[in-house]
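Visitor: As a plain string of letters, each chain reads:
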Amino acid sequence: MRIELIKRADASPLFSIASPFIALLLTMIAGVIMFLLLGKDPATGLYTYFVQPLLDTWSLEQILVKATPLALIGIGLAVCFRSGNWNIGAEGQYLIGGAFGAALPVFLPGVDTWVLLPAMVLMGMLGGALYGAIPALLKTRFGANEILTSLMLVYVAQQLVDWLVRVPWRDPKGMGFPGTPSFPSGAQMPKLWQYADAHYGLVLAVVLAIIVWFVLSRTMKGFEIAVLGSSARAGRFAGFSARRMTIFAFCVSGALAGLAGIAEVSGTVGKLDDKLSLGYGFSAIIVAFLGRLNPLGCLAAAFVLALTYIGGENAQIAMGISDRATRVFQGLLLFFVLASDTLIQYQVRIVSTAARSA
Amino acid sequence: MDVWVSIILSVCAASTPLLLAATGELVVERSGVLNLGVEGMMIMGAVCAFAGAQLTGDPFVGALFGIVAGAAFSLLFAFLTLILVANQVATGLALTILGLGLSGMIGEGFVGQPGIKMERIDIPFLSDLPIIGQLVFGQDPIFYASIALVIAVWFFLFRSRKGLQLRAVGDSHSSAHALGIGVLKTRALAIVFGGACAGLAGAHLSLVYVPQWVEGMTAGRGWIALALVVFASWRPGRLIIGAYLFGAVNIAQFHMQAQGFGIPAQFLTSLPYITTIVVLVLIARNRRLTMINTPAALGQPFVPDR
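So the protein lines, in turn, are chains X and E. Our numbering puts the first residue of the first sequence at 286, with every later residue one more than the last. Our numbering puts the first residue of the second sequence at 10, with every later residue one more than the last.
Only chain E is shown next, with the shape it has when bound in the complex (with noise of 0.2 Å):
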């Protein structure tokens, strides 16, 4: 039994940075932004909560450096697609290109230097219970912020005045724009709430998933929450189960590595990655569940008319 508490407490642990990282791209995409840089934003988040937590020694404040790093580094990518009208795919890649660059940089004094990890909560008596005292009441505090963030959110896009203007934005900007929301303000805000959430993603890389620096960590998760904002059709309560789902997939090749079972690791190293398209291939062939929850102006540029 605790062995399959160990292995979802695995699972968790490496869907929380996946499932927080779509949550805030989801926001983005519903106000009508494609943000391709999730990956630059995620590791810029990764090596400035590593680098912060060495800093002050608390990997709380590690955490918040994160959050603000991602936060920071999203704001190049709202003045170049929002006030420069550049190309969002584009951009997104620049960002995540000088992600990958200057997370090394920063990075390079800090590799192989042992982490300062974000311990599990411990509640006297509740964690104690069998099975789901670990689960329920165990885990690390990144993980319930990832829940919490996908409840709200979820709050928020459907059960808020707020929310519906957001996705107002995203379906159609002019329309927005003439009912006198502040298209542009709205954007910024959920792209910078999308980088973040990035930002966090990284911190738990650091700071509990591995927790150390290494240069290039994110392999790939950043584009793998991309995908996952298809999986779930624009639903942040369909997150999670694709977050777990690929979550679950990346410990289940783990172990299947450490078994052996003859299989190529190779071939289990690239299983999430197949595992993306197979899932991008069946969602995608269901046209009718994407057509109604795309976004209608998703990657539209909008100049607003004086």
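Excised from the complex, chain X in its bound form (with noise of 0.2 Å):
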């Protein structure tokens, strides 16, 4: 028995938007057999992990909480996977991020105005996008591979904001603990409602989804990003730069992980400390895949990721579960998700051997 691939003429239309289901429910397979394995009973776990979530509305705004981060970063890189450029280091640009939007805060103790936010959301994406910049540009000038610099300059954000909030931003009164102070409510992301923990780093994830949407897929910017994405030779000769392209890819998705990072540290947290790397910046590149480069479909698929966090956290509340199999089942997707990719470009049969010596 073998497998053959056969090209497709035309991608499908109908796997294009079937692949990211069939991955979920490959997934939910996997976690049968992964609960069996574990002793569990894979009925309550399954309901544990994806359903539950959604029954209750302290669940429900975590969900909205996590997948707020997730789809910001997530759109960024769709943008930056499109053009053909690998910026797996969003994880350090949004803790950058993070970093340049408390600096305001840090530095202007006693100041509280209105103003004070959005400069911090721009300082983020400011940080975001030079941090982001930076594989671009070693890239462009020197040809180094971008994949493992952007990787290695995680590590290096992850020491640089872990120095700032245990050495020099450390807050004198906060009982020896690593952070910042926390910030003056001008400084602080503000809540979708009341009591809420959910914030208006929401609204700037479906606003920004809805723009670059519009951008990849109405626009000269957007085809520029597509054609040279699929070929740069093809790009060349229609005369588009793919050294402009690489740096702007990597600027567009620091900036929005510095976005997400400052939304973090603004909205959810309400100050800088040593609990900001979460690995979103990982789970993003999930995101973008689940969400097939769409930015629509990231943002749907940030609530799948976030689903999964909190089903999680639920599952080992209730069932001894470890929160480690939460990174399991998403890595377990994205295998599947771009295992079921192959159905959009190729028509797979299943040919036995002995029929074809026959």
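It should be emphasised that the hints constitute simulated quantities derived from the structure, not laboratory data. The C-beta atom is built at its ideal place from N, Cα and C for all residues, glycine as well. Fair warning: there could be bad hints in the mix.
[Claimed, not checked] Simulated DEER-style distance windows between Cβ atoms:
hint: 1; chain 1: E; residue 1: F134; chain 2: X; residue 2: I288; range: 39 to 47 Å
hint: 2; chain 1: X; residue 1: A296; chain 2: E; residue 2: L84; range: 39 to 47 Å
hint: 3; chain 1: X; residue 1: L340; chain 2: E; residue 2: F276; range: 28 to 36 Å
hint: 4; chain 1: E; residue 1: D11; chain 2: X; residue 2: P457; range: 42 to 50 Å
hint: 5; chain 1: X; residue 1: V336; chain 2: E; residue 2: V219; range: 35 to 43 Å
hint: 6; chain 1: E; residue 1: A81; chain 2: X; residue 2: E346; range: 55 to 63 Å
hint: 7; chain 1: E; residue 1: G191; chain 2: X; residue 2: G564; range: 37 to 45 Å
hint: 8; chain 1: X; residue 1: S516; chain 2: E; residue 2: F276; range: 51 to 59 Å
Reconstruct the complex from the two isolated chains, following the hints.
Guide: In structure tokens:
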């Protein structure tokens, strides 16, 4: 028995839409196997992971909180991956964005006006874009591999933020805990409603998803991204510059990751501390692929990934399943997304070897 | 003098996992496949080696567990990229994300448990010789395996027919296919070999270097191994230089942290990563060197026509 691929003349419109759902289904089947191996009831497991968080308001709100950074980063990565550039250091750009934005309330203590928050958001985006520009420039100027340099910069950013919150920016009244002083109210992202955890970062994510979707599908810039992404050679003939695109793509994805960072700092935590790096930058890679590199798809995918986070927390409390199972689910999901995407370009046929030789 | 011997020994220990993982990845890339999942295969090797040693009480069985785990895990990558022609970069990332999660789950019960260390070899008389006794005759078995592996890989790639075929597959899969070389089979074997090497590299971490199970203990070493392959411009001999350079940087930053010097510990911890970036830039600037040796079909999928 062997698997044969036959290239389709055109991408299959059916599977273009269906492949993320096939991947989700396969992930759940793999989940059943995993729960059985762990000696847990698979039905309860799947229910706890994928259904229960949707049933109570507290969990629903936590999903909104987690989906915010995932969507923002995922949308940026979608632009970058579409253009054929591999930014896998979004986690670092997210951290630097958070630190850049946090610099304003740290260096301007006592200042508390409404201008503070917009300025912080812009600083966060600037920080993320500048940090994202480093691997882009190293690639265009020297030809250094952007996958490796952008990833290495994640480790550097983690150490840098760790140092900031422990040494120069540490709250002297913080009982020795790492972290800046809590931000004044003018530096806090407003909550979506009173006593909410979810904040206006989510609104930014929705608006940006629509804007980026429009740019990608309806403008010349979007066309340029698509052409350079599918063939750098074709792009050159069309007069597009692959180098400038690399810098553009890294700056856009860096800025969005930085925005996610400052939104998390100003909206969810209210200060910069040592727990900002939660791996959203890596989970957002899955968001980008599950959303099929479409900004609106990424928005939806961010909620799916956020669901697995909250479902994982619930399963840990209710069923005693390790919270690492969440990362296993996420990894499996990316595998199945990539496998299902094959169906878009190829017809898959399973041929028995016996029949072939006969 | 003894101080220097112990420093060199610790550099060897820090470099061995890098060298092993990079050697495996070099063969994979020479066959035209870019597997970014080294970090994931390595951590799977680390946790399974630790588990194997705990279950059987024998670190050598543990190392075998690590090798098998790395190789088995790489099969996932091989299936997706070779059979389903999935994007290699994304699949490699998936392997790393899955490996980090899965190893955390497998290793949960082992956190904090005292490890079973693979002891250094002790040859009577020879290991007692001044200076070279310890360095040449008194190291751990995996260290010797890593050096032997580099030599074997060099011999295989540049002095054997099969190695020539593997390089042909990596430079032009269509030509190799036309010559009757099994492109997918060659690549699959290369990927599994790379997985086994990464698994052994992980085993070295959890059985020799640390030796304990700590979640995420690879700490980017799989990624540094990937950078080393570029640094070595796909030549096995140069991997030794690269791996030992990085091992030395790592040990140097440990000693500097111990000494203080008033440099923030966070800066010293990030030194190996900054070094990696600097080295990648310096190597990439020399276009001629990289152009000659880069496998021409690196990262390109191959679908056999029928």
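Visitor: For each hint, tell me whether it holds in the structure or not.
Guide: Going down the list of hints, with the structure as the test:
1. F134(E) with I288(X): 39 to 47 Å: Cβ of F134(E) to Cβ of I288(X): about 58 Å, so the range 39 to 47 Å is violated.
2. A296(X) with L84(E): 39 to 47 Å: The hinted range 39 to 47 Å is violated for A296(X) and L84(E), with Cβ atoms some 28 Å apart.
3. L340(X) with F276(E): 28 to 36 Å: Given a distance of about 48 Å, which is not inside 28 to 36 Å, the answer is violated.
4. D11(E) with P457(X): 42 to 50 Å: holds, 45 Å
5. V336(X) with V219(E): 35 to 43 Å: holds, 41 Å
6. A81(E) with E346(X): 55 to 63 Å: violated, 41 Å
7. G191(E) with G564(X): 37 to 45 Å: holds, 39 Å
8. S516(X) with F276(E): 51 to 59 Å: For F276(E) against S516(X), whose Cβ atoms are near 42 Å apart, the range 51 to 59 Å is violated.
Of the numbered hints given earlier, the model fails hints 1, 2, 3, 6 and 8; all others are met.
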